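Colleague: Each chain, letter by letter, is given below.
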Amino acid sequence: MRENRTEAAEGRGSSIEYADMLLLRFGEFTLKGKNRNRFEKTVLRHVKEMVKPYPKAVLSKEFGRIYVTLNGEPAGELAEALRNVFGIASISPVKVSRSEFDDILAASRRFLEIIAPPQGTTFKVNARRVWKDFPHGSIEMNKLISTPLLQGYPGLLVDVKSPELELKLEIREGSTYIFCDQIEGVGGFPLGTNGKAMLLLSGGIDSPVAAWSSMRRGLEVECVHFYSYPYTSELARQKVVDLARVLSRYAGVIKLHLVPFTEVQTSFTGIGQDNLIITLMRRAMLRITTRLAEREGALAVVTGDSLGQVASQTLSSMNVIGRATALPLLRPLVMMDKSEIVELSQRIGTYDLSILPYEDCCTLFVPKSPTTNPNLRIIEKIEATLPGYSARLDEAVTGTETITITPYGDEKPQDLVPAQSGLQEEWF
Amino acid sequence: MLYWDYAAATPPYEEVVQTMEQIMRLHYANPSSLHRAGRDAERLLARSREVCAAALGAAPHEILFTSGATESNNLAVKGAALQYQGRGRHIVTTQIEHPSVYESCQQLQSLGWEVTFVAPDSTGVVDPAGIAAAVRRDTVLVSVMHVNNETGAVQPLKDIGRLVKAANHRTLFHVDGVQGFGKLATELKEWQADLYSLSAHKLRGPRGVGILYVREGVSLFPLLTGGSQEQGGRAGTENVPAIVASAKAVRMGAENREAYNKQITPLRERLLAFLSGVPEFTVNSSRDGAPHIVHFSYPAVNGEVMARKLEELGMTVSTRSACSSRLAEPSRILLAMGRDAAVALGGVRISLGDAHTQADIEALEQALLSAVQALKIVERGRD
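Those sequence lines, one after another, are chains S and C. Per the numbering used here: the first sequence = residues 1 to 428. Per the numbering used here: the second sequence = residues 1001 to 1383.
The hints are simulated quantities; they were obtained by calculation from the structure and are not laboratory data. It is possible that some hints are incorrect.
[To be verified] If you want the ones that stay clear, here's a sample from chain S, every Cβ over 10 Å from chain C, calculated:
| # | residue |
| --- | --- |
| 1 | 72 |
| 2 | 107 |
| 3 | 184 |
| 4 | 234 |
| 5 | 297 |
| 6 | 311 |
| 7 | 330 |
| 8 | 388 |
| 9 | 398 |
| 10 | 400 |
| 11 | 422 |
[Unchecked claim] No more than 20 Å apart at the CA atoms, straight line, and that leaves these computed lysine to aspartate or glutamate pairs for DMTMM-like:
| # | chain 1 | residue 1 | chain 2 | residue 2 |
| --- | --- | --- | --- | --- |
| 12 | S | 412 | C | 1040 |
| 13 | C | 1165 | C | 1216 |
| 14 | C | 1158 | C | 1127 |
| 15 | S | 95 | S | 80 |
| 16 | S | 124 | S | 80 |
| 17 | S | 239 | C | 1042 |
| 18 | S | 239 | C | 1040 |
| 19 | S | 48 | S | 73 |
| 20 | S | 255 | S | 73 |
[What the hints assert, rightly or not] Restraint ranges, calculated between C-beta atoms of paired labels, are given here:
| # | chain 1 | residue 1 | chain 2 | residue 2 | range |
| --- | --- | --- | --- | --- | --- |
| 21 | S | 349 | C | 1030 | 47 to 55 Å |
| 22 | C | 1170 | S | 162 | 53 to 61 Å |
| 23 | C | 1036 | S | 116 | 52 to 60 Å |
Quantities reported herein were computed from a predicted structural model and do not represent experimental measurements. Heads up, the beta-carbon is just placed ideally off N, CA and C, and yes, glycines get one too.
Only chain C is shown next, with the shape it has when bound in the complex (with noise of 0.2 Å):
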């Protein structure tokens, strides 16, 4: 069976898997212990927060870890929201963005916010310019991802940061960057971002970890309360484990970015090159896109008939996002890029990790034109 899911899951490193089961034997004590053994346990947080700063190119006390990336992004947009509604009531993100941040905003809507959801191009990137026309006075949040998690698609964040400052300097910047990190540039001052969400366990890191850069000067209204870790800004004893193992696994996709690429980047535009050709399949990723994640289409069935037929087949792919692919509707995100719902309803998602091999996309393809004849046939059965 080879594994395509990346960018749902990651394998952890070895050494991840290692630092996890020796913190978990010796340094159990709670941080906000007084003892020795809190104490202790207290400095690896801050060890954890320095190698963490030190790989996005921030400050330490800029560093607030979370469970996951989907607390880190309702934090980011419900925390800003709530702490700076004296601003205004108004938030501008992206119709593509995943379901932690759309939903948040969905749910301030609820509550009276009024939300403007920016409609990316057919390539599924947003205009700056679009974004930034969206921007008013009483903007208080804009949130826009780094790379969709869809199709792949790279938000051109630096246009977007200055557009946005330029129409509001009030208005704070928060980037998703859970697909970004470890395969593209973190440029956190370039892009004038005030907020930025990552996952440790899509970089190889253990499952539960979730960090938000909070740029120094900006603070958040706190969702979980009822202690004082994190600064204040969130409530819970801290999962000292899995925060250790996921500086290291945050540090290590930072220094390993270059080879990733390397490795990677090929094997992607193998199979760009090789989806476009089967005259079947709509290819809903471009060339620029991020190097891990390669999103088609086959039109004639549900995406999840293709997925069992490629999992039958030894492939373990996803349809979509892993967060919304128990839902049998079309592809918001698909729709959003202005495709049709039978294109939305038919999407592959194909994502790769370093350990693939040009033997491995070998395997894929053959797998895939195997799918698609096996298909083909119940299709015309159906006709």
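Bound-form chain S, shown alone (with noise of 0.2 Å):
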């Protein structure tokens, strides 16, 4: 992720929340010419899915922007959830008044008071006439602009190069928008425009980070997620849905595949070669995921795996370990380091949860000393040999459970126990 935003300038005040429209301009992909339009559409979906909450804001699309009427909705909140859509590239808040000099004027003066910006703000105006039946051209109007609201700040400055403050003014047929300010969104590719894939997700920093960079590139991503119970708790699957509900703010609804995993992991521990027991479990997942990509239509896995960070991401172990997939292998992640995840998982929102100190199926039975380098021969012939192997990863896949996330939703997966009793509100 960037560094976010372009915040206000030092010691001024923001003009949000005198806006009451919101400007969102398209990213990097306007330059992608024939795809363009599938793109935008798909931006204005996420757009209109984040807006959700928010009934009284309207929107509307024209090329390269869309503009979020606010109607009185919270400006601060939604710029907070839209700049986070992915394939916008920043966000301005405008204020809007009717395309009449004297209007145009006020609303100026206006925003100025709001901004209230220190003494020696350089500044400039800049106005652009789109509606050419409007009395006065551009340039006319910045000097028609300027010359009073200088009166009234004798504190600012004229740099007409590179002012800090520079005030946007776009008169259109009705209505003329004015701004300044301009926050950096989160850039990259509209949701899903680059395809599917599978993701596994298990609970810890990498694989959540790993999801929300994929989505980024446009990816959309199915989350896959192994539990061993009674080995792993409930509590651990509860966290996994709950990160899961955090990457859905990013894209609006995740689908999650619990794979009930504890006959697979456990049939390894029984042949003696608990050094091997990574390598095996992790084919074992690729196997099933990739039988939940057929399924589901996605054309890669992406993984969290970070080149050297354990035994299982050696580049001897990934050579092994990718071989039980003809699917791609995605590894955003594999590149950096450690402490880099971990700042773009505080970022997204993912840490707090990852951190939680439940057991999950990676750390269960592993190996006092597990291979760095296995041998790919030997995997293959034991998994050739182990009675009811495929028969165990076939009930894996029709055991697994699908549910869908939204980000205010509380979808909750089937209860592993049957509840005795829920909570009655009507008892307290």
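Given two chains presented individually in distinct reference frames, assemble the corresponding complex, making use of the accompanying hints.
Modeller: Pasting the structure below:
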């Protein structure tokens, strides 16, 4: 994620609370000719999803931009939500005035009062006459507006080359848009415009970051989580649901596949090759995920692997593990340092959940010294001779539970142990 | 038979009984257990804490569940004294506290603590300045009840809290709120209370649950050990059905307070006026007392004789605090208010509930008149 926002310059107010509209600009994909229309439509759909909790806000689209008319909805909250929409490059809070000279001047004055720029702020007015019937041209308007503003604010200094405060006016038929601040958006490609992949979501720090990075590149991800009840607890599974919910804030909705992995995992413990368990486990996960990918129409598998981080993420391990699937394996974090990954997970909002101390299936039955250099032929031989191996993989796929998670929902997986009786509010 | 002993115990709400029954059947699991059923029970406790906290204007983690107000008061007084004995070994309380506070203080006295028992005036109210004057540098705790359980006298908690904290800001302030909650406004923040005790069964809740509000930042030396329940403040398997039902009673008590006052205040005023008009009686409650307690003395006979006579006439009343009514001794509280021994022996407490009507009061008045007449004959015969 880029450093997120161009904060309002030091020492002055923000225009955001004065805004009655947000102007959203599209990002880099605007360069891509043919797909442009599809991309813009996707962003609009995503924006619509994020605006849903604010029923009074109204959307409209125009070339390269989306407008969100607030109608009293909170500008700050909405801007915060919308700058996480993939494909949005920046957001400007806009004050809308009638396209009459007196109204434009009054609104501009008020704008400056709200911002209250400190003494010595360099300043310019940048008017653009879109509606050619407006009586004053762009250059004329710059002067007509800036002269009275400068009289009212003697502390402002004119600088037309690189002003600290640039008051932009867009004069259109019917209304004029006045704005100056620009909040940086998350950028990237619109959600799902680069296809769909399955993502291995463990509950640790890395995999949610891998998910977010993938989504930002326009990849739709469906999360796959492996659990080994009763060796792992229901709390560990709930934690993954909570992580997926955080991710759904960026995606609007997230599909989560919960795979029962106990039988597969425990079958590896009896073969007397404890140092290979992790390798076997990871390969089994990839096989099951590949089957789910075929079912869901996904074309790749994303993992949170970071080169050399643990035994299963050495180059040798990646080589042996990766051969268990024919799908491309995408590893967005592969060359990142742990500290960078941690920083990203804090920004995305998954860090605090990720560090909850519930054992997950990857930390179970872990041998004292897992191999960092597995032998592919030995691994393949073990898998070929393990009785009932493929039947167990089938069962895991069949037993997979899929839930669709939304940012404000309370979707829950089925209880592994049925609740005796829930909490009935009328008892209190 | 008409029941006039609401200050001792109240009939539980029907909803409270239902909640108890349903939860006893469904959620018998131990809330400390790791399994699903245990966690379900734990969720009920957490929700109960939220509900009680909301009714008291507190935070959920400031609510501790006990077995009753007696335990709450014991824990507040002794738990604070033991925890903070490094600050000093002096406690200030009043001469009119409930035995669970009064005797906890006496226990500490026998262990070497100093206790100042402040006297009330003749109406049963303590003077905030008198309390504050007793506070010293080594005063760990001040404990004052909200409403006296015998006379219904309301104590000026806001002034007491302010003056106590001004005299020594480290001194903790405990309020025994048992007879006040649901009748008068509970304003923990305004009183600057650090500790506050409640009992569910005085609020039409179930028996066996007390609440102790422990302000954030205050810790108490646990009196019961052997488990980490109640954040380590009180060991013992939680009484889940009764706690949930108590939360319900507390919530309803807070919500119904205004309607309750509207219903009951005219009844109490009528009864007070009636009692003042009977020359044989001495009224011990004042008009500005709590809305549900009326206390009078018939100095000619022991209070228990009057109570038995009234029971014969279909009226269930108490002589005083239920916790000491079996002692044929003069009331400590009436003596502290300066009444003579005859008055202090002849006390009768009538306590009202929101089920009572004007007709019930009428019947009670008739019974009181009959009782006086009957007892007078005995009295005359004795001369």
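Colleague: Hints numbered earlier in the text: which of these fail when held up against the supplied structure?
Modeller: 4, 11, 16, 20 and 21
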